[in-house]
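Asker: If you want the building blocks of each chain, they are given just below.
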Amino acid sequence: MPGAPLTEAERARAFALPKKPAVIERQRLAVRYHVEDFDVRDRPRRFLEAFAAILKHTNYRVALDHYARISTKCARCAVKCQIHEATGDDRDIPCWRSELLLAVYRRHFTISGILRGRILGDPGLTDETVAEMADTFYDCTACRRCHFECPMGVDHGLVTHLGRYVLSEIGIVPRALAVSTREQLLGASGNTSAIPVPALLDSLEFLSEEMQDEKHIAIPFPVDQEGAEYLFLPAVSDFIMEADSLMGIAAVFRATGDSWTIGTGYFDGINYGLFYSDQVLEHVLRKVRAEAERLKVKKILIGECGHASRSAKHFYPMFCGGAEALPVLNIMEYTHRAWREGRLRLNPDVVTERVTYHDPCNVARPGWIVEQPRELLKAFCRNYVEMTPNRRDNICCGGGGGTVSIDEIRPYRTAIGGRVKADQIRTTGAEYCVAPCANCKKQLRELMEDQGMDCKIVGLHDLIYKALVLD
Amino acid sequence: MEAWIVFARGPLFRLCFSIMVLGLARVLWLTGIGIIEAYGRSDDRALAYREIFRQTLGWALPVGRAGRARPLYSLTSVLFHLGLLLVPLLLQAHVRLWQSVIGIAWPVLPAAAADGLTLLMLVTAVGLFAGRLADRRSRAISRLQDYVWPLLLAVPFVSGFACANLTLAPLTYQAGMLLHLLSADAVMFLLPFTKITHCVLQPLSQLVTAVAWKFVPEAGDRVAATLGFADRPSWAERSRLGGPHS
Ligand code: SF4
Ligand code: SF4
Chain P
1 MPGAPLTEAE
11 RARAFALPKK
21 PAVIERQRLA
31 VRYHVEDFDV
41 RDRPRRFLEA
51 FAAILKHTNY
61 RVALDHYARI
71 STKCARCAVK
81 CQIHEATGDD
91 RDIPCWRSEL
101 LLAVYRRHFT
111 ISGILRGRIL
121 GDPGLTDETV
131 AEMADTFYDC
141 TACRRCHFEC
151 PMGVDHGLVT
161 HLGRYVLSEI
171 GIVPRALAVS
181 TREQLLGASG
191 NTSAIPVPAL
201 LDSLEFLSEE
211 MQDEKHIAIP
221 FPVDQEGAEY
231 LFLPAVSDFI
241 MEADSLMGIA
251 AVFRATGDSW
261 TIGTGYFDGI
271 NYGLFYSDQV
281 LEHVLRKVRA
291 EAERLKVKKI
301 LIGECGHASR
311 SAKHFYPMFC
321 GGAEALPVLN
331 IMEYTHRAWR
341 EGRLRLNPDV
351 VTERVTYHDP
361 CNVARPGWIV
371 EQPRELLKAF
381 CRNYVEMTPN
391 RRDNICCGGG
401 GGTVSIDEIR
411 PYRTAIGGRV
421 KADQIRTTGA
431 EYCVAPCANC
441 KKQLRELMED
451 QGMDCKIVGL
461 HDLIYKALVL
471 D
Chain F
1001 MEAWIVFARG
1011 PLFRLCFSIM
1021 VLGLARVLWL
1031 TGIGIIEAYG
1041 RSDDRALAYR
1051 EIFRQTLGWA
1061 LPVGRAGRAR
1071 PLYSLTSVLF
1081 HLGLLLVPLL
1091 LQAHVRLWQS
1101 VIGIAWPVLP
1111 AAAADGLTLL
1121 MLVTAVGLFA
1131 GRLADRRSRA
1141 ISRLQDYVWP
1151 LLLAVPFVSG
1161 FACANLTLAP
1171 LTYQAGMLLH
1181 LLSADAVMFL
1191 LPFTKITHCV
1201 LQPLSQLVTA
1211 VAWKFVPEAG
1221 DRVAATLGFA
1231 DRPSWAERSR
1241 LGGPHS
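Protein chains in written order, with this note's numbering: chain P, 1 to 471; chain F, 1001 to 1246.
Note that these hints are calculated values from the structure, not bench results. Ideal placement from N, C-alpha and C gives every residue a C-beta, glycine not left out. A few of these clues could be false.
Claimed, not checked - Straight-line alpha carbon distances no greater than 25 Å define the calculated DMTMM-like cross-link-like pairs of lysine to aspartate or glutamate that follow:
no., chain 1, residue 1, chain 2, residue 2
1, P, K456, P, D423
2, P, K466, P, D258
3, P, K215, P, E205
4, P, K56, F, D1221
5, P, K19, P, E36
6, P, K56, F, E1037
7, P, K56, F, E1051
8, P, K287, F, E1218
9, F, K1195, P, D122
As the list claims (entries may be wrong) - Over 12 Å on every C-beta distance to chain P, these chain F residues come out as not near it, computed from the model:
no., residue
10, G1032
11, A1048
12, Q1055
13, L1085
14, L1086
15, H1094
16, I1102
17, A1113
18, L1151
19, L1166
20, L1171
21, T1172
22, Y1173
23, Q1174
24, L1179
25, L1204
Please construct the entire structure, taking both the sequences and the accompanying hints into account.
Answerer: What follows is the structure, given as structure tokens:
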């Protein structure tokens, strides 16, 4: 679905650097997001040291070896990347970007590369390349759409993740991500939005009152219920930003009667480690585990959030006990099952507007959550339309891979990253776009605003809340 | 010339063929070991076997997939591979040669089919070269080998076709045959050191990616410790390396 070509003015705006010239000069990074001050000496050497340490202790090597050997440079991946489609820039071709890191790997970590480098007198990794990687690895949203079109099976999402991981070990991380992570893992609040427990409780109480007014029934948010079936972890920002999604979820539990709980020891599903650091990824999941053990719950339930769901579903068993680890599910799976079992009644006369569904990459790409929300929506939205392409072949909202949290690059995200998405939504003519992911919601709302569109971006449970019949 | 031909189809062929087989066995072995090691390091044994199998098979026989992106180029590539694989393996003259060496024979292509596939391979080889050259995106990412391979692979096909089908003067025939043999030898010799290793590695791609996403418990802490941040995680400090601006 090609949109209108990017105009020069749009491009200039999207790529404008809001950073002060002095900061750029000092950091020697031409990136559009803010990085905290870091050591600028000797970057190539330190990059290589970090790369070596990572290769030594992790499983990336097998993939790098493989991709470095096998890539046939067919450029099919370029067709599938929404960033390249918007910019048409050679440097946004997925394979071009991944090659930056693969070339470093080949030159410095394979025998033939080292020999060839010696013979040809190739100095190897340069400071410019480090700067280039710092820029481009945050242009890719790690949505992995291109992966499905690579005949050689190269996964650029994995390469992007690794590239960012290496950079993070030498101090190059967008400030927005680093600050939130630090608060989550070391700060007093222990979550990425720095919400203290009393504020959380206040907010939950307020939502309960709201529901009492609207639905005339007591709908609680259980807190610290030991032995509950589900420990509920939404993206913590939902507690402030997504009242309707939370109320919908509480109402669903009110209807099913299953036991669930929010834990005051830890209540944040966000895991930015997925975007830039395996260490962070693991430490966040350890917090989830500790809270699950404290409350003796049986399952971990993640709210409407793509990356939170994927990082828990995919990595919790890896870091927290393998086959013995608690099962992880996403709230949409839960609600879908309850509806299939006939435990939810949805009134088909409430939502009459045209509704479309945006697949969050992190849950749709693996084929995990694709049909469940659609079946639910079709059950009570008469005017449901699909965007194309959809399901596992969906197009990223343009704010994936943590980039949505980086406010400095909003012009880039809405002019370039989300450009194709905006066209897609516009074509549907929908009044509601359901985007069951905290990241997608924020990005799509900004996208609608900046593109001058008035489609309302909501969560799945926002609409369920409207339609759910409670007695 | 005769002596050269004997050399190219005798000792040189055996050398190049061995290099190809050993080279491919080597990369296959290394990849296999890599997969097993990576899988063994992870605590999580679950693998999406069905999905891996489905994707692997889907790309091995890319019917229905090839057309999804760059359709013309991709379909050209599929047809190219068809000729490239079938003709050398199933040509009567080749099978007879094998039979004389290893004593085993297998069904052969009818001459007309072999000729048709040869022509198809040649047309598509030129098509791939041109498609790469004409597309700005491919040009941006292509290396020398990407341009050379379709042309190099076409040489044994052109020369073989000419020797088999044209009435050539004896000397020209011999030159053609020598070119056929030498280029085929060169292909086998170069193959394991280039992207053509995908002929054996491609079926492992999906599995490789799946195990690479299996992260190793505590690897992040070990990385940090190796880099000298044993007592404080690497995300902990504002400017943890104490540079001039910390
Ligand atoms: S992962 Fe997504 S954003 Fe990144 S290169 Fe592939 S398609 Fe583009
Ligand atoms: S689709 Fe795969 S092989 Fe083709 S250019 Fe992209 S990464 Fe390389």
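Asker: Decide, hint by hint, whether the structure agrees.
Answerer: Consistency of the hints with the structure:
no., hint, result
1, P:K456 / P:D423, "holds (15 Å)"
2, P:K466 / P:D258, "holds (20 Å)"
3, P:K215 / P:E205, "holds (15 Å)"
4, P:K56 / F:D1221, "holds (12 Å)"
5, P:K19 / P:E36, "holds (12 Å)"
6, P:K56 / F:E1037, "holds (12 Å)"
7, P:K56 / F:E1051, "violated (29 Å)"
8, P:K287 / F:E1218, "holds (14 Å)"
9, F:K1195 / P:D122, "holds (22 Å)"
10, G1032, "violated (10 Å)"
11, A1048, "violated (8 Å)"
12, Q1055, "violated (7 Å)"
13, L1085, "holds (15 Å)"
14, L1086, "holds (19 Å)"
15, H1094, "holds (26 Å)"
16, I1102, "holds (29 Å)"
17, A1113, "holds (26 Å)"
18, L1151, "holds (15 Å)"
19, L1166, "holds (33 Å)"
20, L1171, "holds (39 Å)"
21, T1172, "holds (35 Å)"
22, Y1173, "holds (35 Å)"
23, Q1174, "holds (35 Å)"
24, L1179, "holds (26 Å)"
25, L1204, "violated (7 Å)"
The earlier numbered hints that this structure contradicts are 7, 10, 11, 12, 25.
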